[in-house]
Amino acid sequence: MAVVHCDGKTTKEINQEISELIAKGAKTIEVRSPSARHNLAVGLLQPVELLFKGSVGYYCGGMIDGARITVQGSAGWGLGECMMSGTVVVRGNAGNSAAASIRGGTVVIYGDAGARAGIAMKGGLLIIEGNCGAMAGFMMQKGTMIICGASGHGLADSMYEGTVFLGGEAASLGNDTKVCDPDEEERRFLKDMLSEHGIAAAHSFKKIVAGRRLWNFEKQEFELWKEVL
Amino acid sequence: MEGSTVEHKAVLRHSRIWRPEIIEDIQAKAELGRYRFRGFSALLSRALPSFDDLTFIPCTLTRIPLEGYREKCSTKTLLGTRFAKKPIELAIPIMVTGMSFGALSLNAKVALALAANRCGTSSTTGDGGMLLAERENARTLIYEVLPSRYGFNIHHMKMADAIELTVGQGAKPGTGGLLLGAKVSEQIAHARDLPPGVDQRSPCRHPDWMGPDDMVIKIEELREATNWEVPIFVKMGATRVFDDVKLAAKAGADVVVVDGMEGGTGASPDVLLEHTGIPTLAAVCEARAGLEDVGLYGKVQLIIAGGIRTGADAAKALALGADAVYLGTATLIALNCNKPIYVEDYHKLGTEPYACHHCHTGRCPVGITTQDPDLVARLEVDSATDRVVNLFNALTAEIQMLARSCGKADVHDLEPEDLRALSLESSMITGVPLVGTNRVFGGGPGWKDRHG
Numbered sequence: 120m121a122v123v124h125c126d127g128k129t130t131k132e133i134n135q136e137i138s139e140l141i142a143k144g145a146k147t148i149e150v151r152s153p154s155a156r157h158n159l160a161v162g163l164l165q166p167v168e169l170l171f172k173g174s175v176g177y178y179c180g181g182m183i184d185g186a187r188i189t190v191q192g193s194a195g196w197g198l199g200e201c202m203m204s205g206t207v208v209v210r211g212n213a214g215n216s217a218a219a220s221i222r223g224g225t226v227v228i229y230g231d232a233g234a235r236a237g238i239a240m241k242g243g244l245l246i247i248e249g250n251c252g253a254m255a256g257f258m259m260q261k262g263t264m265i266i267c268g269a270s271g272h273g274l275a276d277s278m279y280e281g282t283v284f285l286g287g288e289a290a291s292l293g294n295d296t297k298v299c300d301p302d303e304e305e306r307r308f309l310k311d312m313l314s315e316h317g318i319a320a321a322h323s324f325k326k327i328v329a330g331r332r333l334w335n336f337e338k339q340e341f342e343l344w345k346e347v348l
Numbered sequence: 088m089e090g091s092t093v094e095h096k097a098v099l100r101h102s103r104i105w106r107p108e109i110i111e112d113i114q115a116k117a118e119l120g121r122y123r124f125r126g127f128s129a130l131l132s133r134a135l136p137s138f139d140d141l142t143f144i145p146c147t148l149t150r151i152p153l154e155g156y157r158e159k160c161s162t163k164t165l166l167g168t169r170f171a172k173k174p175i176e177l178a179i180p181i182m183v184t185g186m187s188f189g190a191l192s193l194n195a196k197v198a199l200a201l202a203a204n205r206c207g208t209s210s211t212t213g214d215g216g217m218l219l220a221e222r223e224n225a226r227t228l229i230y231e232v233l234p235s236r237y238g239f240n241i242h243h244m245k246m247a248d249a250i251e252l253t254v255g256q257g258a259k260p261g262t263g264g265l266l267l268g269a270k271v272s273e274q275i276a277h278a279r280d281l282p283p284g285v286d287q288r289s290p291c292r293h294p295d296w297m298g299p300d301d302m303v304i305k306i307e308e309l310r311e312a313t314n315w316e317v318p319i320f321v322k323m324g325a326t327r328v329f330d331d332v333k334l335a336a337k338a339g340a341d342v343v344v345v346d347g348m349e350g351g352t353g354a355s356p357d358v359l360l361e362h363t364g365i366p367t368l369a370a371v372c373e374a375r376a377g378l379e380d381v382g383l384y385g386k387v388q389l390i391i392a393g394g395i396r397t398g399a400d401a402a403k404a405l406a407l408g409a410d411a412v413y414l415g416t417a418t419l420i421a422l423n424c425n426k427p428i429y430v431e432d433y434h435k436l437g438t439e440p441y442a443c444h445h446c447h448t449g450r451c452p453v454g455i456t457t458q459d460p461d462l463v464a465r466l467e468v469d470s471a472t473d474r475v476v477n478l479f480n481a482l483t484a485e486i487q488m489l490a491r492s493c494g495k496a497d498v499h500d501l502e503p504e505d506l507r508a509l510s511l512e513s514s515m516i517t518g519v520p521l522v523g524t525n526r527v528f529g530g531g532p533g534w535k536d537r538h539g
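So the protein sequences, as listed, match chains A and B. Number 348 marks the last residue of the first sequence (the numbering used here); no jumps. Number 539 marks the last residue of the second sequence (the numbering used here); no jumps.
You may find that some hints are simply not true.
Claimed, not checked - Straight-line Cα separation of at most 27 Å, DSSO-like style, residue types lysine-lysine; simulated pairs:
id, chain 1, residue 1, chain 2, residue 2
1, A, LYS131, B, LYS172
2, B, LYS172, A, LYS143
3, A, LYS325, A, LYS310
4, B, LYS386, B, LYS163
5, A, LYS261, B, LYS245
6, A, LYS131, B, LYS173
7, B, LYS245, A, LYS131
8, B, LYS245, A, LYS143
9, B, LYS386, B, LYS337
10, B, LYS337, A, LYS131
11, A, LYS128, B, LYS173
12, A, LYS143, A, LYS128
13, A, LYS172, A, LYS131
14, A, LYS297, A, LYS326
15, B, LYS173, A, LYS143
16, A, LYS326, A, LYS310
17, B, LYS386, B, LYS172
18, B, LYS337, A, LYS128
19, A, LYS131, B, LYS386
20, A, LYS128, B, LYS172
21, B, LYS245, B, LYS172
22, A, LYS297, A, LYS261
23, A, LYS325, A, LYS297
24, B, LYS163, B, LYS245
25, A, LYS128, B, LYS163
26, B, LYS245, A, LYS146
27, A, LYS143, A, LYS172
28, B, LYS386, B, LYS173
29, A, LYS128, A, LYS146
To be verified - Restraint ranges, calculated between C-beta atoms of paired labels, are given here:
id, chain 1, residue 1, chain 2, residue 2, range
30, A, GLU305, B, LEU119, 52 to 60 Å
31, B, ALA220, A, CYS299, 36 to 44 Å
32, A, PRO301, B, SER470, 22 to 30 Å
33, B, TRP315, A, ARG210, 27 to 35 Å
34, B, LEU436, A, CYS299, 40 to 48 Å
35, A, ALA290, B, LYS163, 51 to 59 Å
36, B, PHE170, A, SER154, 39 to 47 Å
37, A, GLU305, B, LYS163, 44 to 52 Å
38, B, GLY298, A, ALA155, 13 to 21 Å
39, A, GLY127, B, ARG396, 51 to 59 Å
No lab work stands behind these hints, which were simulated from the structure alone. Cβ coordinates follow ideal geometry from the N, Cα and C atoms, glycine included.
Work the whole structure out from these sequences, hints included.
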């Protein structure tokens, strides 16, 4: 396994070293002592496997297409944001805006996630084993979010489409949400996804989708619209 | 009493407060139960301080002019010289601003890209991602990274010649974009990952960063993802320009774009178009003062947008400190916007040529701001491209004409000293002396002295 030591290096030098190793054919790269540097492994287009031995800062795995990234620590804001495909796994906690606007791929957070997890998701899958903060799934467009724990205020506010599965309680639901029970197929999907990622969640999930009352301007529902117009 | 009735002819007295358009607006809102939206730009119930309030003072005896019709006058424009390995070099200081495929038709987007290409300048993607037809036809393409991230694709960003991190726009600073359901066709919905026909209201904040401290990291991310090769622009609507420009420059932008309140849009709440932002004239002065204040004027390039109509507007912006101007609405007008053709279709929209601001309806009579295939077909790409090329050539020649008359062999050498103010107000805003007095009223570019 190829190894990158981060001590004494800038983000630019570390990313450069990762790129050079990939160019030389490395399939698996271990990155030691990332020390919460920002912008590690952003914009990678190769299906490489990266293991960060420690915490990472903002935007780790941002804008990737195909890489498999594991963080043995915690992550800062914007984990895996705008990724097209691939996997980003964080063993610890993730800061705000995890999986923001992802169009595909999978983000797994084994700890807790901060505010705005899964904001503006356009596809893909976000799994949070712990709890998440306020405004999770805000303006979600497509894709699936599984929150095994509890959520903060305003869960799934103003979603266009997409699905949020919530294992715990939400401090409050966002505007225009519809809560229902997952069907048989969805329960199987949840079970499969969680077992695939080694998450033991025996409890049941609620399913939250867009109420679709905000899709088009309607004066009839002014009480709803005045919050969101 | 006989004969006491005074015969008089009634004179209709209209209120300046309750003007017909105000009455119409109140009655429309009484029906709608919401704010109104529309396209185009601010219609304005009063005149704004504008570039029209300045005049050039060409050479006479104190300075020697260049031959206006023939001597060489460079228009070459370099952007992104601060950090990018590959700054962009344009043949002219006029660029096409970001307008989305969605707000505009495919034919309009392609014509603009082709025209920019032929003029040696750039076009910009817009809020909906990159159209491959645009990339194929554009010489220099700027990729916008917007709060909505609709259609964001790392492969597309890596194909771009520059990246524009958009914080806001002049038409509606502080508020996200708007695309009404009529224009969210199957194709547009697919590109943006939205349900077809939805009234798309874009977010105003980026999903993964908030203030200027985060933006420093975001800019570094964009550079890391593109190997520090292409310039990073930061675009903002003109509000607290002096401070905002300093923050953007300090955050690491190569180029700052400031879009004044005259800036156009495909759709916006009317109240924001009319009542938010500051005029482009003031924006360019504040932006320059801001860059000077942090010692980055000349290192960070400045692009000015918002209601630039003529070579004179552009030349005055350059003289006040801009490196280039963005054109949006003017390019659409060259494409045929508001032209008196298909007049019956303007009437169907309740408007007429020269007064149309109905881009938001998706029923553009001339095929520019629509997704309806029959209407789009009315915009013939080749001739539309020619018209935009001609406009850009004409504006470039106008800028050169003014520069030569001021004795400048490079349009970027135009300076505030080449200008005089026609009003007290514009003198105070720009720091250019008032005509007939040779005095600056109010301090002008010393704007910073009052806010520093």
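A quick look at each hint next to the structure:
1. A:LYS131 - B:LYS172: At roughly 14 Å apart (the allowed maximum being 27 Å), LYS172 (chain B) and LYS131 (chain A) satisfy the hint.
2. B:LYS172 - A:LYS143: Status holds; Cα separation ~24 Å.
3. A:LYS325 - A:LYS310: OK: LYS325 (chain A) and LYS310 (chain A) at ~14 Å, within 27 Å.
4. B:LYS386 - B:LYS163: Status holds; Cα separation ~16 Å.
5. A:LYS261 - B:LYS245: 24 Å, holds
6. A:LYS131 - B:LYS173: Status holds; Cα separation ~17 Å.
7. B:LYS245 - A:LYS131: Holds. LYS245 (chain B) to LYS131 (chain A) sits at ~17 Å (cutoff 27 Å).
8. B:LYS245 - A:LYS143: 21 Å, holds
9. B:LYS386 - B:LYS337: 12 Å, holds
10. B:LYS337 - A:LYS131: Holds: LYS337 (chain B) and LYS131 (chain A) sit about 19 Å apart, inside 27 Å.
11. A:LYS128 - B:LYS173: 25 Å, holds
12. A:LYS143 - A:LYS128: OK: LYS143 (chain A) and LYS128 (chain A) at ~21 Å, within 27 Å.
13. A:LYS172 - A:LYS131: Roughly 18 Å separates the two Cα atoms, so the pair holds.
14. A:LYS297 - A:LYS326: Holds: LYS297 (chain A) and LYS326 (chain A) sit about 8 Å apart, inside 27 Å.
15. B:LYS173 - A:LYS143: 26 Å, holds
16. A:LYS326 - A:LYS310: 14 Å, holds
17. B:LYS386 - B:LYS172: 14 Å, holds
18. B:LYS337 - A:LYS128: 23 Å, holds
19. A:LYS131 - B:LYS386: Holds, because 23 Å separates the two Cα atoms, which is no more than 27 Å.
20. A:LYS128 - B:LYS172: With Cα atoms ~21 Å apart, LYS128 (chain A) and LYS172 (chain B) stay inside 27 Å; holds.
21. B:LYS245 - B:LYS172: 14 Å, holds
22. A:LYS297 - A:LYS261: Measuring from Cα to Cα gives roughly 15 Å; hence the hint holds.
23. A:LYS325 - A:LYS297: Holds - the C-alpha atoms of LYS297 (chain A) and LYS325 (chain A) are around 10 Å apart, at most 27 Å.
24. B:LYS163 - B:LYS245: Holds: LYS163 (chain B) and LYS245 (chain B) sit about 25 Å apart, inside 27 Å.
25. A:LYS128 - B:LYS163: 39 Å, violated
26. B:LYS245 - A:LYS146: Roughly 23 Å separates the two Cα atoms, so the pair holds.
27. A:LYS143 - A:LYS172: Since the Cα atoms of LYS143 (chain A) and LYS172 (chain A) sit roughly 22 Å apart, the hinted pair holds (cutoff 27 Å).
28. B:LYS386 - B:LYS173: 15 Å, holds
29. A:LYS128 - A:LYS146: 22 Å, holds
30. A:GLU305 - B:LEU119: 52 to 60 Å: About 39 Å separates the Cβ atoms of GLU305 (chain A) and LEU119 (chain B), which means 52 to 60 Å is violated.
31. B:ALA220 - A:CYS299: 36 to 44 Å: Check passed, 42 Å falls within 36 to 44 Å.
32. A:PRO301 - B:SER470: 22 to 30 Å: Distance hint for PRO301 (chain A), SER470 (chain B) is violated at roughly 56 Å.
33. B:TRP315 - A:ARG210: 27 to 35 Å: 31 Å, holds
34. B:LEU436 - A:CYS299: 40 to 48 Å: Given a distance of about 41 Å, which is inside 40 to 48 Å, the answer is holds.
35. A:ALA290 - B:LYS163: 51 to 59 Å: Hint holds: Cβ distance 58 Å, inside 51 to 59 Å.
36. B:PHE170 - A:SER154: 39 to 47 Å: 24 Å, violated
37. A:GLU305 - B:LYS163: 44 to 52 Å: 60 Å, violated
38. B:GLY298 - A:ALA155: 13 to 21 Å: 20 Å, holds
39. A:GLY127 - B:ARG396: 51 to 59 Å: 55 Å, holds
Of the numbered hints given earlier, the model fails hints 25, 30, 32, 36 and 37; all others are met.
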